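A.B. asks: Let's have the full structure, built from the sequences with the hints guiding it.
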Amino acid sequence: MTRRKLEEKNIRKLGRRGNSYIMSVPIEIVRELGWREKQKIQVKRIHGGFTVRDWKNN
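The opening residue of the sequence shown carries number 1 in my numbering; numbering runs sequentially from there.
Worth flagging that the hints you see were computed from the coordinates, not collected in a lab. Quick caveat, the model's predicted, so the values are computed rather than measured. Built from N, CA and C at the ideal position, the CB exists for glycine as well. Treat the hints with care, since some could be wrong.
To be verified - Pair ranges (Cβ atoms, derived):
hint : residue 1 : residue 2 : range
1    : Arg53     : Ser20     : 14 to 24 Å
2    : Lys56     : Glu8      : 29 to 39 Å
3    : Gly15     : Gly48     : 33 to 43 Å
4    : Lys5      : Asn57     : 37 to 47 Å
5    : Arg17     : Arg45     : 38 to 48 Å
6    : Thr51     : Glu28     : 14 to 24 Å
As the list claims (entries may be wrong) - Once the Cα atoms are required to be at most 20 Å apart in a straight line, the calculated PhoX-like pairs of lysine-lysine come out as:
hint : residue 1 : residue 2
7    : Lys40     : Lys56
8    : Lys56     : Lys38
9    : Lys44     : Lys56
C.D. replies: Below, the structure written as structure tokens:
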């Protein structure tokens, strides 16, 4: 597998697993946010896209 060019490193493909769609997140972002495997996250639809945040149990 070849490495992506620096300007393309955050370009990802959308995949499908069962009845869900999946997308990989760059490891640099995961490390910066301090996220862990199996951590709950919240996905919210906004105009033209979506946001992904750490899930807060209220």
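A.B. asks: Hints numbered earlier in the text: which of these fail when held up against the supplied structure?
C.D. replies: Structure breaks hints 3 and 5.
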